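Same order as they appear, the protein sequences are chains L and H. Residue 16 is where the first sequence starts when you use the working numbering, and the numbers rise one by one after that. Residue 115 is where the second sequence starts when you use the working numbering, and the numbers rise one by one after that.
If you're looking for bench data, these hints aren't it; they were derived computationally from the structure. Predicted, not measured: the structure shown is a model, and the values here were computed from it. Wrong hints could be hidden among the right ones.
What the hints assert, rightly or not - Below, in silico cross-link-like pairs of lysine to aspartate or glutamate (DMTMM-like), each with a Cα-Cα straight-line distance of 25 Å or less:
id, chain 1, residue 1, chain 2, residue 2
1, H, K239, H, D228
2, L, K128, H, E170
3, H, K219, H, E236
4, H, K245, L, D76
5, L, K138, H, E236
6, L, K201, H, E418
7, H, K364, H, D319
8, H, K362, H, D473
9, L, K201, H, E312
10, H, K345, H, E236
11, H, K211, L, D200
12, H, K267, L, E48
As the list claims (entries may be wrong) - Ranges between beta-carbon positions, derived for each pair:
id, chain 1, residue 1, chain 2, residue 2, range
13, H, E312, L, K138, 57 to 63 Å
14, L, F52, H, L291, 39 to 45 Å
15, L, L141, H, G279, 47 to 53 Å
16, L, K138, H, G186, 22 to 28 Å
17, H, D310, L, Y133, 30 to 36 Å
18, L, K138, H, Q288, 40 to 46 Å
19, L, G198, H, G131, 25 to 31 Å
20, L, A113, H, D310, 14 to 20 Å
21, L, T291, H, E226, 44 to 50 Å
22, H, D228, L, D243, 50 to 56 Å
23, H, D310, L, W227, 38 to 44 Å
24, H, T336, L, M146, 56 to 62 Å
Unchecked claim - If you want the footprint, here are the derived chain H segments under chain L, 3+ residues with CB under 8 Å:
id, segment
25, 181-190
26, 206-217
Heads up, the beta-carbon is just placed ideally off N, CA and C, and yes, glycines get one too.
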Amino acid sequence: MSDTVSKAGSDERGVQAPQVIESKHEGHSWTGEAPLFIYAVWYLAFLYIPVLFLPLFSFNDSIYVAFPLKGFTLQWYADMLENPALLHALENSVKVGAGVAIASTFLGIFAAKAMTRYRLPGKGPLTSFIMLPLVVPGIILGIALLVISNTIGVDLSLYTIGLAHTLVAVPFAMLVLMSRLEGFDKSLEEASLDLGENAFQTFLRVTLPLAWPGILASTLLTFTISFDEFILAFFLAGNEVTLPIYIWSQLRFPNRLPMVLSLGACILVASFFIVTFSEVIRRRGVGTQSGAAI
Amino acid sequence: MAREDYISIRNTSKHFGSVKAVDDITFNIQQGEFFSLLGASGCGKTTLLRMLAGFEQPTLGNIYIDGQPQAGVPPHLRPVNMVFQSYAIFPHLNVHKNIAYGMRKSGLSKAEVDKQVDEMLELIKLPGYGKRGAHQLSGGQRQRIALARALIKRPKVLLLDEPLGALDKKLREQMQLELRALQRDVGITFVFVTHDQEEAMTMSDRIAVMSMGKVLQIDSPTTLYEIPRVKEVADFIGTINFFEGEVKGKEGKATVVETEGLGKVFSTASGDSAPTSGKISVALRPEKFNISFQQPNVQNNVVEGVLQAAAYLGDRSHYYVKINGREAPVAVASQNAQRQMQAVEADNKQKVWLTWDEDSVLLLQS
Numbered sequence: 016m017s018d019t020v021s022k023a024g025s026d027e028r029g030v031q032a033p034q035v036i037e038s039k040h041e042g043h044s045w046t047g048e049a050p051l052f053i054y055a056v057w058y059l060a061f062l063y064i065p066v067l068f069l070p071l072f073s074f075n076d077s078i079y080v081a082f083p084l085k086g087f088t089l090q091w092y093a094d095m096l097e098n099p100a101l102l103h104a105l106e107n108s109v110k111v112g113a114g115v116a117i118a119s120t121f122l123g124i125f126a127a128k129a130m131t132r133y134r135l136p137g138k139g140p141l142t143s144f145i146m147l148p149l150v151v152p153g154i155i156l157g158i159a160l161l162v163i164s165n166t167i168g169v170d171l172s173l174y175t176i177g178l179a180h181t182l183v184a185v186p187f188a189m190l191v192l193m194s195r196l197e198g199f200d201k202s203l204e205e206a207s208l209d210l211g212e213n214a215f216q217t218f219l220r221v222t223l224p225l226a227w228p229g230i231l232a233s234t235l236l237t238f239t240i241s242f243d244e245f246i247l248a249f250f251l252a253g254n255e256v257t258l259p260i261y262i263w264s265q266l267r268f269p270n271r272l273p274m275v276l277s278l279g280a281c282i283l284v285a286s287f288f289i290v291t292f293s294e295v296i297r298r299r300g301v302g303t304q305s306g307a308a309i
Numbered sequence: 115m116a117r118e119d120y121i122s123i124r125n126t127s128k129h130f131g132s133v134k135a136v137d138d139i140t141f142n143i144q145q146g147e148f149f150s151l152l153g154a155s156g157c158g159k160t161t162l163l164r165m166l167a168g169f170e171q172p173t174l175g176n177i178y179i180d181g182q183p184q185a186g187v188p189p190h191l192r193p194v195n196m197v198f199q200s201y202a203i204f205p206h207l208n209v210h211k212n213i214a215y216g217m218r219k220s221g222l223s224k225a226e227v228d229k230q231v232d233e234m235l236e237l238i239k240l241p242g243y244g245k246r247g248a249h250q251l252s253g254g255q256r257q258r259i260a261l262a263r264a265l266i267k268r269p270k271v272l273l274l275d276e277p278l279g280a281l282d283k284k285l286r287e288q289m290q291l292e293l294r295a296l297q298r299d300v301g302i303t304f305v306f307v308t309h310d311q312e313e314a315m316t317m318s319d320r321i322a323v324m325s326m327g328k329v330l331q332i333d334s335p336t337t338l339y340e341i342p343r344v345k346e347v348a349d350f351i352g353t354i355n356f357f358e359g360e361v362k363g364k365e366g367k368a369t370v371v372e373t374e375g376l377g378k379v380f381s382t383a384s385g386d387s388a389p390t391s392g393k394i395s396v397a398l399r400p401e402k403f404n405i406s407f408q409q410p411n412v413q414n415n416v417v418e419g420v421l422q423a424a425a426y427l428g429d430r431s432h433y434y435v436k437i438n439g440r441e442a443p444v445a446v447a448s449q450n451a452q453r454q455m456q457a458v459e460a461d462n463k464q465k466v467w468l469t470w471d472e473d474s475v476l477l478l479q480s
């Protein structure tokens, strides 16, 4: 908050303030930034154009993924919806995704609270340790978990997939929630305690209402991570398969390919919206978090 | 009957690893008192306040409030409430809900709580603000709402952690007077933390001056200013001039000290408890010097010097006088009781004479 407004420019003593350096964009439009702009465009094109082939060919009236385009059709989308195996795999993915979202967000929020609110010894190493699953290659992780399940005699199922996904999703959940909690005035919770609410009641009345955008964002993010994940699911699947596994299994049938493309296109669009929505929510209300004087 | 030891802090210490934030402190706070903890950053005053609130547990020692030991008692069960430095107004609740926040467990009906909230709003001079959102408030308004939120619970003790720090000067001075009046009205014991000595002097009944985890002196503002017991307290509160010297003995009622710069100095300030020998610091406040541009007709308690610098502050002037035998100039403050249209020439050549009262000469151990 500004207490005293200081006078810019020359003050009463006649001393001139230094000239403000003019922005190099004024009067020169993009000239200074053109190379960077072009680079950005190419970068995005390189990243996304291959992906955009997916929806492109999913509408193509041909089972061969090649140019020239034959014609517009919704046939493959129809095929997709009439395929029971596909729909079942989709259902499995949603189930696993939901479970992972809830479990990892639940674990993430307590980890985030511990990291941002308490004087823990070894906080740094502990954070790195929790983040490890992100750095370990998926195949290594998959094999390791497979070995463990065999050793302790656990059958592979959607649960083993869920557990593996939670392992990689928790770091994400924790990061999202930590960023939310950090921007939070710590004295808000202390004020609540001071006014007579115990720790749990404080959590319900103060922390949760202020953190819920982060919680929602974390849930959506971790759901998406689980939904899209292939490697771990592949290693740890039993009889029930998730959608990515199903798609992979269909790739050897050339006439099924367009149907797979249409499925891919749907997933692409859905993921895009979920992640965007999650980001919007996460940033929403970041400015109103602090209870301090402006 | 106002209890003398309403708040009793006994041999209390707080260690953070090897750092002694609070080092073996013992004192009492009287019921209904406006008590300030004053000190520079890092002196331990906020840590001490947080131990009263229950956010920190003492490493050693005990704290008693109204006779009840507070060891192990969590913040939400203590009969104290705190106004935080950042105000901590809940951003997701409006003003009314903020003030009513702590009343959920009070057992009162909603109508009764609403009535009390309205009364509080009147008290803090923000009537009708109930529906406003937290983000629509100015700093001063937040501060008052934080106050109301704490006071509505009728705590035995109100703790305030530098609550006026974020306000601009005029508002701060206004709030100081309002807080003081409010405290008198409501009669609750206030424990106030600040690093601003003027603020502490304006509002407090008594001040505890703290440094490096220890309490240097606890006295009323007047006593702290006029009779500081150690050099550090004298230096912290207001400005003061120190002259190193050695006690030579007594002459009648006065202690004689041979000092650098001022020569032979007589002091009646300490009375009978004055030391009779050894090294000592002689201290004189700037306003206790009389400055004169003509040589005064006195034998003792006078020194000649040259005017090194002068500052005109409107209601008073500050002079800096260079005297022989002392490197730093003597700081002198003088009320501009008479209209003075001409600025004084401070050219290091203008001769001036300083005189003072024997009663104003403080003797302090280093």
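(request) Provide an ascending list of the numbers of those earlier hints which the structure does not satisfy. (result) 4, 5, 6, 7, 9, 10, 12, 13, 14, 15, 20
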